[in-house]
Amino acid sequence: MTRRFGIDDVRPQVSGRTLPSKAVVGEVVPVSALVWREGHDAVAATLVLTAPDAKQYSIHMQQEVYRPDYVHAVFVPDTEGMWRFRVDAWGDVMATWRNAVSKKLAAGQGEAELANDVAHGIDLFARAAAQTPAGDREVLEEVAALLADTSAPLRERIEAGLSEEVLEILAEYPLRELVTHGPVCDVLVERREALVNSWYELFPRSTGGVDSAGRPVHGTWQTTSVALDRVAAMGFDTVYFPPVHPIGEVNRKGRNNSLTPVEGDVGSPWAVGSAAGGHDAFHPELGGEAEFLAMMQHARELGLEVALDFALQAAPDHPWATQHPEFFTVLADGTIAYAENPPKKYQDIYPINFDNDPDVLYAEIYRVIMYWVELGVTTFRVDNPHTKPVNFWQWLISEVHETHPEVIFLAEAFTRPPRMFGLSKIGFSQSYTHFTWKTSKAELEDFTTMLVDVADVSRPNLFVNTPDILHASLQTGGKAAFAIRATLAATLSPLWGVYSGFELYEHEPVAPGSEEYLNSEKYELRPRDFESALARGESLEPYITLLNELRRDNPALQQLRQVHFHEVYNDQIMAYSKVDAVTGNAVLVVVNLDPSATQEAMVHIDAEAIGLNPGESFDVHDLITGATYTWSTDNFVRLIPEANVAHVFRLPNVAPERREQLAFRVIPDHDYRP
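In full-length UniProt numbering, the protein residues as written are 1 to 674.
The reader is advised that the hints may include incorrect statements.
[What the hints assert, rightly or not] When the alpha-carbon atoms are kept at most 20 Å apart in a straight line, the in silico DMTMM-like pairs for lysine to aspartate or glutamate are as follows:
#: 1; residue 1: Lys-438; residue 2: Asp-571
#: 2; residue 1: Lys-104; residue 2: Glu-80
#: 3; residue 1: Lys-55; residue 2: Glu-159
#: 4; residue 1: Lys-103; residue 2: Glu-156
#: 5; residue 1: Lys-55; residue 2: Asp-78
#: 6; residue 1: Lys-55; residue 2: Glu-80
#: 7; residue 1: Lys-388; residue 2: Glu-406
#: 8; residue 1: Lys-104; residue 2: Glu-159
#: 9; residue 1: Lys-388; residue 2: Asp-309
[Claimed, not checked] Computed spacing ranges between beta-carbons, pair by pair:
#: 10; residue 1: Ser-58; residue 2: Pro-542; range: 44 to 54 Å
#: 11; residue 1: Leu-331; residue 2: Pro-358; range: 37 to 47 Å
#: 12; residue 1: Ala-54; residue 2: Gly-110; range: 31 to 41 Å
In short, the hints are calculated from the structure, not lab data. C-beta atoms are modelled at their ideal positions from N, C-alpha and C, and glycine is treated no differently.
All chains, please: the whole structure from these sequences, using the hints.
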């Protein structure tokens, strides 16, 4: 049935309201809708919110500046759980009356011609006063009385009903007619760390250092605990470990992915399982549950959250291979199929078949993940989730969240957008992205615009590198390339990540044209001497630490939904601003994308995008160098890779009355929008 008023294009909503959109505690959530009616009478709208505790809140929606007939409002959830909202449209009889009498007065119409309008106004203000609390009520009653006083001049009587004081009262306590309810939409609100987080990846087995002969020593939970001090000192929030389980002996890979391992080769941790146990066991050389819990306690004391890899695959000697062969695909010759991603072959890994015996398999996987959750693990990086059934993930994440809604799942899904965003829609809190391969200005701007478009569904974790991905730009760009990529990742998204060795500028590929590291840590122990590199000035640690400080100190860098690109007359320089709609904090980032040469250009500032007036001068404070400059519309920048690859400017705080409008300057309109 068609509603009394049109309420269309309500956002955010996902998959026809069959799935919730996403938000976190403290995040500014923009809500918009296209609201329309017949004729010329005014229509307005109210955002009606229902919190997880069933309390209701109402927010008056504003007319959008950039899109006619659209209304918007923002809300900031303060608790986790399922929030619900709807947009109610209603006839704004007061606005209709004001419009009519203003036009008639302007046209010179007099008392006789406006008699019916005056009488209607008396009735409207009397009705409005009746629903308004004492104090403000008297103001509206006085307007009604003055309208009825024919001894006063007509213009004076009518203008009393048009005053700023009256408009403010009516905005707070509107007189609504023909209220029409819009569809109810869900917003799943998670803890803030699902959106605002910096990750550091390290291999616990590589933390053991070297012996007196210089040979690597296998790390333990004790040596891992010591390594966490450095991670915390750099300002990271989450430390992520690749699989920490026993590693298969059968078909074990040697160094650099060799098929001919030699004695002492440790194998790939993603080849999960051996006679020592499977997904619910610790690698014997790391230590057991007690040592793990001691490491976890130290991480908590440092303010670090520990994330574990959840890799649903098995080595040929995993206990599942003998106890549950139905978990795998058995070939015609009776062997179990190993993993392939042509031309790559993973002879040391059996992929799981989710269709043979789903009831038993699902129960076993749930048992495994709950073992780790009950040990205190609340974040999981999920390996290749796009190669497993999406309905399985929806089931598993829902089951875990039933008792532990605080658990965060990061999808390592370097795949096509429908799969990537589909996983986000059904429950993954975060997702890897294709950021690593976006290097040009055009690519980065288009990529970031896409991320804003899908912010109601997907939270991008921008890793600068991974054990699998050493991008060509890092192989050949020198130290400046590492600083550039860190700057972009840390400021474009509130989520970013670094794999250990990035700060040491590790850049050698196993072969020309490959993105695999030479002497990859996936297949051998890689102890690193971070302290010596730092002492020699050969470490990016200080800059990474600074970036994490800037992210903590500037709420603008903690939000995903609002970014604006400013015009720069040089394709090697990119400039973008971010504004936090709650605090008004504003940041402008100007980056040299060329690691090999000095670049200079004029940066043209869109003043309205940072809450200023066109042509207005303002101070910018460089948070990297400490320098302060006075800027206006067009400004000269010069960035020298050897000295400084970027400016991160703190801008003047945006005035409160302009903040909400900035949240709606970027209108999602991509094909990617769910």
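Verification of the supplied hints:
1. Lys-438 / Asp-571: Answer holds: Lys-438 to Asp-571 is near 14 Å, not above 20 Å.
2. Lys-104 / Glu-80: violated (51 Å)
3. Lys-55 / Glu-159: Distance ~39 Å between Lys-55 and Glu-159 Cα, so the pair is violated.
4. Lys-103 / Glu-156: holds (15 Å)
5. Lys-55 / Asp-78: holds (12 Å)
6. Lys-55 / Glu-80: Distance of about 14 Å is within 20 Å: holds.
7. Lys-388 / Glu-406: violated (23 Å)
8. Lys-104 / Glu-159: Since the Cα atoms of Lys-104 and Glu-159 sit roughly 12 Å apart, the hinted pair holds (cutoff 20 Å).
9. Lys-388 / Asp-309: holds (16 Å)
10. Ser-58 / Pro-542: 44 to 54 Å: Holds - the Cβ-Cβ distance for Ser-58 and Pro-542, about 49 Å, lies within 44 to 54 Å.
11. Leu-331 / Pro-358: 37 to 47 Å: Hint violated: Cβ distance 21 Å, outside 37 to 47 Å.
12. Ala-54 / Gly-110: 31 to 41 Å: violated (54 Å)
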